[in-house]
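K.L.:
If you want the building blocks of each chain, they are given just below.
2 protein chains.
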Amino acid sequence: MGKFGFKVSFKDKSSKARIGKITTPHGVIQTPAFTPVGTQASVKSLTPRDLKETGTQMFFGNTYHLHLRPGEDVVEKFGGLGRFMGWDGPTITDSGGFQIFSLGDRLEEKNPERTKLIEISDNGVKFRSHLDGSLHYFTPEESIRIQHALGADLIIAFDECLSYFLTEEQVESVLPRIHNWEKRSLEYHEKHSKGNQFIYGVIQGAAFKDLRKISTDFICSLDFDGFAIGGVANAGESKKDIYSVVEWVTPELPEGKPRHLLGVGEVDDIFEIIERGIDTFDCVIPTRLGRTGFLFVDPKEGNIENRFRIDINKSIFAKDQGPVTKDCGCYVCQNFTRGYLNHLFRSRELLAYRLASYHNIYFINNLVEKIRDAILNGEFKKMKREWLGGRI
Amino acid sequence: MGKFGFKVSFKDKSSKARIGKITTPHGVIQTPAFTPVGTQASVKSLTPRDLKETGTQMFFGNTYHLHLRPGEDVVEKFGGLGRFMGWDGPTITDSGGFQIFSLGDRLEEKNPERTKLIEISDNGVKFRSHLDGSLHYFTPEESIRIQHALGADLIIAFDECLSYFLTEEQVESVLPRIHNWEKRSLEYHEKHSKGNQFIYGVIQGAAFKDLRKISTDFICSLDFDGFAIGGVANAGESKKDIYSVVEWVTPELPEGKPRHLLGVGEVDDIFEIIERGIDTFDCVIPTRLGRTGFLFVDPKEGNIENRFRIDINKSIFAKDQGPVTKDCGCYVCQNFTRGYLNHLFRSRELLAYRLASYHNIYFINNLVEKIRDAILNGEFKKMKREWLGGRI
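Just so you know, the protein sequences line up as chains A and B, in that order. Using this note's numbering, the first residue of the first sequence is number 1, and each one after it goes up by one. Using this note's numbering, the first residue of the second sequence is number 1, and each one after it goes up by one.
Any given hint could turn out to be false.
Straight-line distance between alpha carbons at most 27 Å, and here's what the computed DSSO-like set of lysine-lysine pairs gives [unchecked claim]:
id, chain 1, residue 1, chain 2, residue 2
1, B, K77, A, K326
2, B, K77, A, K300
3, A, K239, A, K209
4, B, K77, A, K314
Calculated from the structure, these hints are not laboratory results.
With the sequences and hints as input, model every part of the structure.
P.N.:
Structural data, given as structure tokens:
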């Protein structure tokens with residue numbers, strides 16, 4: 001029997017931001033917290049030791065990918081996701097829903113005959129693997145069964161990822177099916193859980209206020225351990241849309257349960273979503289940007305295009321003997337120069353991607369830590385102004 | 001003024017193996033020692049901290065590559081090769097000769113008109129960059145000038161890399177030019193060195209005993225700080241050829257100066273070359289093999305094809321919960337399973353190449369450390385028998 005708990009210890013007076021602590025069988029997460037994503041049981045190029053050093057508190061794995069490779073049976077035999085990858089801290093997996101739909105869409109685009117590759121029924125969804133085209137079938141029960149085998153501390157109810165381009169009527173018509181899938185997820189979980197995993201319900205409803213309200217009411221009526229807000233990072237929605245959704249939903253959520261925002265986390269987003277009451281969020285941005293040479297910097301060192309990052313590939317950095325960003329305490333900034341990183345990227349050395357991922361994850365974790373401090377000191381709004389200025 | 005020194009502290013009674021210590025301005029190298037290669041100022045995917053942890057004593061950089069990118073002027077401005085890459089230990093650079101000839105050959109093969117891309121005269125060699133086809137001209141003086149700018153502790157005289165397929169007459173005819181280039185290298189070095197770099201002469205002569213003798217005599221007549229044996233790892237020569245060359249040359253070298261073997265270092269080679277009196281050697285094998293999934297193991301765990309490595313890509317390892325190799329104290333073997341590494345390689349995760357390089361370099365450094373101990377305990381031959389068995 002593991003233990004799970006969440007406690008809000010401090011609330012910001014000037015916003016909905018809050019300080020809390022999620023307790024899991026594998027340790028405590030100080031919130032607000034960023035969660036880097038390691039799709040295939042690895043945060044691109046980083047070891048668990050690196051994750052610790054960068055201040056990472058929780059690891060996010062993708063059920064869709066891990067089911068296809070190496071398979072949940074393998075991960076289970078190795079003692080679960082954390083043990084499999086050598087990470088002893090808290091872990092979370094998603095339901096597979098997002099990948100089924102987003103990768104399915106991509107496969108359909110590539111398919112000359114435009115065959116429908118995803119078949120949805122009320123019972124579940126049939127889809128093809130993006131790896132080998134093999135057929136798979138996920139139901140809510142199957143998603144939870146897999147997540148039980150993967151063994152993450154936190155798991156997520158199975159839902160459908162809705163395109164941002166659906167009309168309100170279309171979203172309204174599928175919402176009951178999504179809610180039913182989540183209810184079935186919870187029922188399966190309650191029946192089969194060994195008590196050491198905790199399940200989050202997901203609130204959907206696209207960018208429609210009324211539908212988000214309906215979804216929030218329904219999902220909150222079920223006995224989930226926490227809540228996630230989904231369907232805000234599909235592609236197409238503006239940052240304003242994302243912030244609006246969060247703003248509609250969080251006041252309706254119970255105070256005493258943790259709130260995760262799925263797939264959001266650029267520098268400016270982080271301030272906006274924490275301000276609106278989000279406790280945890282996951283995002284591939286720090287690693288994905290890092291691998292192309294975009295490195296996070298203090299806004300004083302950014303440029304007009306983007307105050308929060310530099311493109312280290314640019315030739316102006318070739319002779320720059322400074323660190324990626326001043327006052328950064330990370331291993332990369334303490335030991336390497338912009339010039340050396342520019343050289344590694346130009347030379348396509350594997351070390352380039354590694355150092356970039358490391359710095360970016362450290363930077364975000366460190367930023368969120370500073371935000372926690374600012375909230376506690378009543379200086380959250382001030383810090384937000386200093387970072388975002390008049391940008392938003 | 002840096003200091004340089006070499007001292008043999010112990011000689012094996014049953015072979016030419018010896019224990020020694022090379023002192024450089026950036027620290028001491030216990031010999032025999034393996035030196036991993038970091039062509040572009042980075043040992044593939046590893047940080048200087050990793051190099052330290054894997055027991056690496058000296059870093060080997062390639063002058064040809066560093067001249068083309070980022071350029072020796074940049075490296076010099078950053079404080080030299082070590083400072084540029086964040087490595088505070090001893091460094092060595094080669095002369096550029098080997099790459100000019102081996103990469104030039106490859107470019108010529110790809111070139112449909114088979115234009116001669118390398119033009120050699122008595123003065124030097126004109127060649128095209130493998131990066132952008134730009135023209136460059138290396139003379140002995142230019143190679144040493146570049147190596148002075150790169151600033152490694154140990155540098156190497158400029159020579160010509162001879163094809164293994166040349167006849168004895170052909171090799172004999174070019175040997176005087178090579179010797180002259182090395183003499184000019186030394187003269188330029190003596191005139192321009194700041195006294196903190198030390199130069200090795202290279203012994204050539206292909207696989208011809210008489211020519212190796214002539215080369216050894218000539219190079220030893222010059223006041224080099226140490227000696228390298230070159231032209232044994234071109235492609236085509238058998239392991240027996242390599243060992244023969246070492247066996248002919250080392251007895252003719254002065255006892256009190258260090259001996260480096262260029263480009264050799266498979267597990268069995270290591271025993272054979274140390275037995276024949278080599279002090280240091282560099283090799284890309286551990287990292288190159290590692291990146292394709294070949295991981296070094298104790299011979300008890302190897303297989304019939306190769307007792308010293310496994311191919312972690314093979315499906316038999318997918319559910320293997322053991323470490324890469326038993327009794328290995330490296331970070332990889334202490335924290336990860338064969339099953340996880342198999343998953344990383346199958347998933348082409350960047351972490352795969354990193355963990356493989358780390359383990360392989362640790363394994364070789366650790367092997368050489370054990371060999372040093374065995375020599376000191378009078379058990380070198382016994383250890384060699386245990387590792388190589390009746391294989392050679």
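K.L.:
Now, for every hint given, state plainly whether the structure supports it.
P.N.:
Structure-based check of each hint:
1. B:K77 x A:K326: Between B:K77 and A:K326 the Cα gap is close to 20 Å, so the pair holds against 27 Å.
2. B:K77 x A:K300: Holds, because 26 Å separates the two Cα atoms, which is no more than 27 Å.
3. A:K239 x A:K209: holds, 16 Å
4. B:K77 x A:K314: holds, 19 Å
Violated hints are absent here; each numbered hint is respected by the structure.
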